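Student: What follows is each chain in one-letter form.
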Amino acid sequence: MRRVKEARRMRAFMIYALAALWLALSGCKQQAVETVPSVPQNTIGAEGTALEPPPSARPIVLGFSQLGSESAWRLANTNSIQEAAAEAGVVLMYENAEQSQSKQFDAIRSFIRQKVDVIAIAPVVQTGWEPILKEAKEAGIPVIICDRSIEVEDSSLYVTLIGSDFYEEGRKAGKYLLDRTRDSVGPIGIAELKGTEGSTPSIERGQGFRETIAGRGDFKFVASEFADFTFDGGKKTMRKFLSEKGDEINVLYAHNDDMALGAIEAIEEYGLKPGKDIVIISVDGTRRALEQLAQGKISLVVECNPLLGPDLMQAATEIIQGRTLTKRIVPTESVFTEQMAKREALHRKY
Amino acid sequence: MQIHRHHLFWPLAMLAALLLFNLIYSPDFYSVQVRGGHLYGTLIDILNFGSPLILVAIGMTLVIATGGIDLSVGSVVAISGAVACLTISRGSDQGSIGLILAAIGLSLALAVVLGLWNGMLVSTIGMQPIVATLILMVAGRGIAQLITSGQIITVTSEPYAYLGSGSLLGLPFSIFVVAALFAAAGLLTRRTALGLFIESVGRNPGASRLAGIRSRYVLIAVYLFCGLCAAIAGLILSSNVSSADGNNAGLWYELDAILAVVIGGTSLTGGRFYLTGTLIGALTIQTLTTTIYMIGVPPEITLVVKAFVVLVVCLVQSETFRKSLAHRWKTRRYPAEREVAKHA
Amino acid sequence: MLKQKYLPIAVTVFLFVVMFLAGSFRYTGFFSLQVLLNLLIDNAFLLIVAVGMTFVIVTGGIDLSVGSVIALTTMISASLVQEQGWPPAVVIPLVLALGALFGWGMGAVIHYFKIQPFIVTLAGMFLARGLCYVISINTITIDDAFYQRMAQTKIHLPGGSFISISVVIAIVVAAAGIYIAHYTRLGRNIYALGGSEQSALLMGLPVASTKIAVYTISGFCSALAGVVFTFYMLSGYGLHAMGLELDAIASVVIGGTLLTGGVGYVFGTLFGVMIQGVIQTIISFEGTLSSWWTKIVIGLLLFLFILFQRVLSARQAAQKA
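Going down the list, the sequences are from chains C, G and V. Numbered per the numbering used here, the first sequence spans residues 1 to 350. Numbered per the numbering used here, the second sequence spans residues 351 to 694. Numbered per the numbering used here, the third sequence spans residues 695 to 1015.
Honestly, the hints are just simulated from the structure, not real lab data. Heads up, a few of these hints could be off.
To be verified - Some chain C residues close to chain V (C-beta under 8 Å, calculated; not the full set): (1) Ser-100; (2) Ser-102; (3) Phe-105; (4) Asp-106; (5) Ser-110; (6) Pro-131; (7) Thr-196; (8) Thr-200; (9) Asp-218.
Please read all numbers here as calculations on a predicted model, not as lab measurements. Where a beta carbon is used, it is the ideal one built from N, C-alpha and C, also for glycine.
Turn these sequences into a full structure, and let the hints steer you where they fit.
Tutor: Rendered as structure tokens:
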């Protein structure tokens, strides 16, 4: 009998406690983050007509959802954005999603709740973004896409895409190969180390390259596989290529530096000389690759510029000021040859 | 004793089945060439790339034998590589032996501390091993990233690279490290009473305590050893690429290690453990990964194949399964007998 | 007034309140009903999975396949709805049945072949993820009207705050879990099985069907969580919910359930999930915490929790002795 009474008392107590808590919490209305006094949002993107005079000097709050930290390139990208934000006086809310799209959704939702001024996303995959972009649109927050592109039917869901032109990188690689093999005779076997299957950079670098060299009949792709943009993947896949088609490979086109560096080790273990027996073309432009370039082991490095920070800050500032932006912003990029490599490798921070 | 009752029979059978499969489908699996005084070939690769896994699995075997589990090995792998590379990169001469030894020493010392931490949580505080090591798994990944400041630290050091990619007597150096550790573990557990203590604590902690075994020290010792093994594996891994990646090194390693131990015949509930079995289990996993790679199976199917293999291995190892199969086979012509046995 | 056996849950609730208040003092805008409800909105699927996981862990087992089953559910739903054009009314019950079937299969293998739950559910995890990739390597976005409506509907509560439909589903599941655990025969059998399988067998309890039932429940909960996840992400993808199983196990353990089985409350799991949510919220309000400090802080908090629980239950055991 006592037990029943006890149980009843417990239940009553809990109900009262819950009710009290509810009243207390409802009483406190949610306030937005204090650093951002509400400013009427200007219309986004295309029209760019300012409804209000541009805000006087108060810091812009930018929420950036980075996709992860899988490579040196990515880390350089993150650092650049953080440094540029500090220089531009932009308050940066940074979230690293560690390769998970659902963590990016969480990050963006928390930015929306905290009512940031601009949201920037480096999307880990190409598809599946419509719902969250619609939420941001309904909240009136403009979105900038960084580095990789997304597939959306309604392109008004984001303001601009800041990132490298991967096709152009592929084309530069192809052009170099055409120049280099201008006078050569006989069939030329090309091995290709592709990046992560389904990723934008991999698809577009491959296509740009192929389109450029399409005219020549003596080029032949003897091996082409995905190696995930990693050192390990590059080494293992190259080893496989060599054991299957060793003598036929004259050129190696690696979609990023890490894979090329792994391939170099595999080539040297096989007994061949990278650079002399096999011409290597790589994309990215990290310091280690430039060092190898200076030693002649890599023949060409196409730059893929991770330093998107300044461009991003400028775009965010211009959006808040109500200016129109082009739908695509491409950072300046070049190629590196052996002569330039020695100089550049010293400067390279990443 | 009939040969198929030996505890190593089934693990060896699985490995043999895999190797046979390779013999039929990709004959150059077995080609071993000599280039520049070193041996090259897929078999050598399996031993070389599998050495970090074997190391971690050896440590994991002892932990599982005490009825526990260590989920933090992946993070310890990352931390040890990070500490070593950080030390080397701060030194003035990256090639000096003294610096390398200091780096290795520091990294192993930190691993000892982490292993002690795990051991203390499990034995003194009495936390459940899965939770206690989960804490270090999460926090340890953060510590590794803290040490590297989120960057990938690269070093250029010949002596350091020797650990992971150097050669001794034509074979990769890492194989010798594994052999040495395996021998040490075997000697420690089978030639001293430590092995018996471990098995006893795993099988029946209460009875062990009553028998006078200091289970607290045994537990601390096994977690310490596991941490040490993970650290050595981390050093080999990071020296292989001459860099340390706090974010990605050792990710999900613990699962493969646990699988290796289970394939080798050690039970997850604790008790009898088989170091040789673990060795075979780790080789099986590495061979499976390499086989899938070599026959060019699309990566989508890799996981499904792995699931299948794991399931088959465990079914085969399950006494109940074998008995029920044997019974069905024996009574295939006598359905009445089967009916009788069911209700016996 | 507080019975000894409720002490672990009381500790968990107390710690949750402490953390919430600490956050409220530190950050403006934290102390509001909406923030509290956001915890539920963001973690509805984790709660559903954790409820299923509680049952499994109370019997002394473990289920590592939950994250992968969620991913598989999203993938199957997306591919059937988007590519085959099936109506959601057919797809959703189908995936729930498939999830339950998957759990049933694992439970059967675990019981009849006496293989460790860790390994069988690990194999299940690989199998489910692998099947995701077989269906499609890339994301499949869902633009079906029903799913979109479910994702975007806000249920407004008195006081100006709102919750999503997923929260309602999660709370119903939690309530059902509590009911099954404490007011049905199945629940009593589950606790008995967890206490000691041998004793349960000798007592004549249906061990086989109970054991298989808990894994079926867990599979069903994973599938339901997958449906809720599909509302959250509106896409099917093989990499969804990576590592979610560890979060679920952590929630269950923080909630006071012992991994050895026999002890635990679904109510505690609810608070375990809320605590995980509050930790994440504090970190995101902090804003400048780099991702590694985040991990270290989470590890530290986990450690303090379990330590506290351990100390208190040790004291409780000592008092009894």
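Student: Hints first: check each against the structure and report whether it holds.
Tutor: Here is what the structure says about each hint:
Contact between Ser-100(C) and chain V, as hinted, is supported at the beta carbon level, the nearest pair being about 6 Å apart and thus within 8 Å. Of the supplied interface hints, the one on Ser-102(C) holds, with its beta-carbon coming within about 6 Å of a beta-carbon of chain V, less than 8 Å. Proximity of Phe-105(C) to chain V holds as hinted, the smallest CB-CB distance being about 6 Å (cut-off 8 Å). About 6 Å separates the beta-carbon of Asp-106(C) from the nearest beta-carbon of chain V, less than 8 Å, and the hint is met.
At a threshold of 8 Å, the smallest CB-CB gap from Ser-110(C) to chain V is about 5 Å, leaving the interface hint in force. Of the supplied interface hints, the one on Pro-131(C) holds, with its beta-carbon coming within about 4 Å of a beta-carbon of chain V, less than 8 Å. Proximity of Thr-196(C) to chain V is violated relative to the hint, the smallest CB-CB distance being about 10 Å (cut-off 8 Å). Residue-level restraint check for Thr-200(C) is violated (minimum Cβ-Cβ distance to chain V is 12 Å; threshold 8 Å).
Among the interface hints, the one on Asp-218(C) is violated; its C-beta lies about 34 Å from the nearest C-beta in chain V, farther than the 8 Å criterion.
Going through the hint list in order, the structure does not satisfy hints 7, 8 and 9.
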